[in-house]
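Peer 1: If you want the building blocks of each chain, they are given just below.
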Amino acid sequence: MTQLSIRRLLFRWLAVLLLLALVVATLFGHALALRPVTAAYDWVLLDTAQSLTRLINSRPDVNPEALSNSADMLLRTDQFDRIYYSVHDRSGRLIAGDAQLRPPGGTFLEAGELLYDARLDGENVRVAAMRVNLRGVDAIVQVAETGNKRSELTRQILTGMITIEVMLIVSVVVLVMFGVGKGLEPLEHLREEIEARSHRDLRPIPPEHAPVEVRPLLIALNELLARLDRTLQSQQQFVANAAHQLRTPLAGLRMQVEYGLSQSDPAEHLRVLRELGLSTERAVRLANQLLTLARAEAGFAQADSMRIIDLRNVAGEAAESLMPAAIRKRIDLGLELHAAPLRGDFFLLKELLSNLIDNAIAYTPSGGRITVSTASEGGIAMLRVEDDGIGIPESQRLLVFERFYRADGTAGEGCGLGLAIVREIAHLHGGKVDIQSPARGRGTIVSLEFPRVA
Amino acid sequence: MHVLIVEDDKALGDGLVRYLQQAGYRVELATGGREADLLLAHEEYDLVILDIGLPGLDGFEVLRRARQRERYVPALVLTARDSVADRVHGLDLGADDYLIKPFSLIELEARMRAVIRRGQQTAETQIVCGQLSVDIAAKRVWVAGNPVRLTAREWGVLEFLVLRAGKIVSKEQIVSAISGTDEELNLNVVEVYISRLRNKLGPAGVKIHSIRGFGYYLDKTPDDAA
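Listed in order, the protein sequences are those of chains V and L.
Sequence positions in the first sequence follow this note's numbering and run 1 to 454.
Sequence positions in the second sequence follow this note's numbering and run 1 to 226.
Hints in this document: simulated from the structure, not taken from any laboratory.
These numbers were taken from a predicted model, which means no experiment stands behind them.
One thing to keep in mind: the hints can contain errors.
[Said to hold, decoys possible] Here are the simulated DMTMM-like pairs of lysine to aspartate or glutamate, each with C-alpha atoms no more than 20 Å apart in a straight line:
#: 1; chain 1: L; residue 1: LYS167; chain 2: L; residue 2: GLU191
#: 2; chain 1: V; residue 1: LYS182; chain 2: V; residue 2: GLU223
#: 3; chain 1: L; residue 1: LYS167; chain 2: V; residue 2: ASP72
#: 4; chain 1: L; residue 1: LYS220; chain 2: V; residue 2: GLU317
#: 5; chain 1: L; residue 1: LYS200; chain 2: L; residue 2: GLU107
#: 6; chain 1: L; residue 1: LYS167; chain 2: V; residue 2: GLU213
#: 7; chain 1: L; residue 1: LYS139; chain 2: V; residue 2: GLU213
#: 8; chain 1: L; residue 1: LYS167; chain 2: V; residue 2: ASP89
#: 9; chain 1: L; residue 1: LYS220; chain 2: V; residue 2: GLU320
#: 10; chain 1: L; residue 1: LYS171; chain 2: V; residue 2: GLU336
#: 11; chain 1: L; residue 1: LYS101; chain 2: V; residue 2: GLU281
#: 12; chain 1: L; residue 1: LYS167; chain 2: V; residue 2: GLU281
#: 13; chain 1: L; residue 1: LYS207; chain 2: V; residue 2: GLU320
#: 14; chain 1: V; residue 1: LYS329; chain 2: V; residue 2: GLU386
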């Protein structure tokens with residue numbers, strides 16, 4: 001398949017239609033031009049028949065031989081065509097002339113003149129027949145002529161017309177090409193303008209100078225550019241933040257290593273190694289969180305990883321993997337899991353849940369309670385993680401979803417990405433996240449709602 | 001146990017070699033794909049630990065070649081990329097298991113044992129969970145080395161928990177596991193058995209954790225942080 005090109009389409013349609021019109025016009029013109037030519041020759045032929053009649057009438061007798069001589073003088077002067085003539089009486093008897101040229105039709109010509117085509121001696125001829133009175137004798141005079149002059153003229157006319165037609169076709173093609181090019185010039189300018197742009201230039205393309213037809217296209221393109229610009233900016237921000245954040249645990253590692261190498265006490269070495277272990281854990285966790293966030297943000301859940309799953313199973317697996325941590329901290333991690341089908345990516349949703357439960361464990365003191373519940377109401381899958389921990393002040397409930405945001409007084413291992421990941425993954429699934437406080441007592445309730453499964 | 005480690009990162013390779021040597025393995029280290037391919041072609045190993053991002057031949061290619069040879073070497077793949085596509089690709093090529101970097105040495109050794117065991121086609125009937133050890137085949141239980149007598153039902157519940165140590169288990173699952181076809185057991189019965197098991201096993205530190213609203217959880221490797 002060839003590529004779709006407006007230029008080619010325009011050119012093809014214009015050229016084909018124009019050429020068609022030209023051919024039709026030429027055919028008509030040809031027919032129109034031929035008609036008077038034929039008529040002129042026919043008149044001449046009739047004239048000849050009349051002259052012949054006058055010639056016969058002017059002579060004292062109808063002596064065939066003498067007549068032949070004078071008729072020959074009159075008629076056989078054409079250098080292009082052969083001329084035949086004949087004179088028949090009413091009964092069809094040949095009075096004079098060429099016997100091959102028979103009277104027309106079976107019936108005798110009633111009156112006046114007749115022009116018709118016939119074949120004589122193997123040649124096409126044009127015949128003029130005329131009913132006349134030859135000294136009281138009712139007779140038919142016929143003159144026939146081969147078509148050489150006529151075809152020569154026809155040929156000349158045709159040649160002339162075809163020459164003109166070819167010239168017209170050539171100029172039509174050239175003009176159409178030129179016209180199409182002219183018409184598409186604004187698009188060409190637009191292309192040049194876009195081509196000349198740097199890949200970093202995501203400013204909108206001014207639609208004012210563009211033709212009306214491409215303006216909607218430009219506006220859509222500008223919207224895409226704007227979205228791309230926002231994404232790019234947030235990516236850059238993200239990369240800068242990420243690099244910055246990665247430095248912190250790495251700085252810790254480096255410091256501990258240098259300190260450890262400078263010590264000679266084995267007990268101190270052991271302590272440094274434990275610190276190194278903790279710093280490493282933090283770096284690992286940060287790297288994993290960053291990756292998850294980047295992936296969720298890139299809309300990594302492609303159509304094929306989105307399938308109907310039960311949030312209850314996701315919650316079960318996430319809780320299972322965090323059970324040891326909850327047990328270590330003597331936290332009562334309860335599950336109230338009911339079927340909650342939704343369309344989603346299992347791994348990303350598990351990541352979401354792990355982050356929520358992990359947060360709850362981190363911010364709930366030993367002996368506290370965490371409850372993870374899933375349910376479905378009217379086809380809407382719902383998820384809740386409730387704890388009786390330190391809670392999140394109302395003023396910070398929007399901020400905590402920002403990347404790298406860490407609430408006051410939460411100096412700890414968190415890197416401030418957990419809830420950003422939660423929000424990103426929830427949005428990817430078309431879900432809503434909300435933070436509330438329990439009706440009584442302290443703590444946090446994070447609740448999510450996902451769209452109905454279509 | 002003869003183990004080939006294929007890893008181009010010096011710190012990681014070196015650490016692995018030292019740790020596994022101390023754990024009693026015979027270890028060789030290859031730092032490139034071609035070297036690994038050559039070693040796998042001529043030496044016999046019980047396990048290969050294979051990094052994917054290698055200079056020369058990459059890990060996938062080394063694995064593909066290894067799988068074309070007659071002798072089967074169990075392979076544990078290490079990768080820093082954890083996209084589902086990568087995992088599937090590795091398993092399709094015949095990796096027995098994979099670990100995502102960074103991983104802990106304890107995790108690695110557990111996976112190594114599982115892969116080697118699978119290669120030797122022997123099922124483990126002796127299960128150890130901290131102080132608790134259970135012989136599934138003989139249906140016997142020891143706590144801190146002392147045998148414990150259990151009723152058939154108690155054994156059924158414990159076996160179910162032990163086989164799923166490290167997993168959350170719902171009461172419904174336990175009921176359907178221990179009830180025969182002709183009887184119906186109440187969910188409350190599970191609580192009774194669990195409480196009896198706790199009485200019998202608890203004093204030695206074996207803990208069956210309750211999950212409120214759901215069921216129970218037996219820690220796989222209980223570390224007594226308490």
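Peer 1: Need the list of violated hint numbers for this structure, in ascending order.
Peer 2: Structure breaks hints 2, 3, 5, 6, 7, 8, 12.
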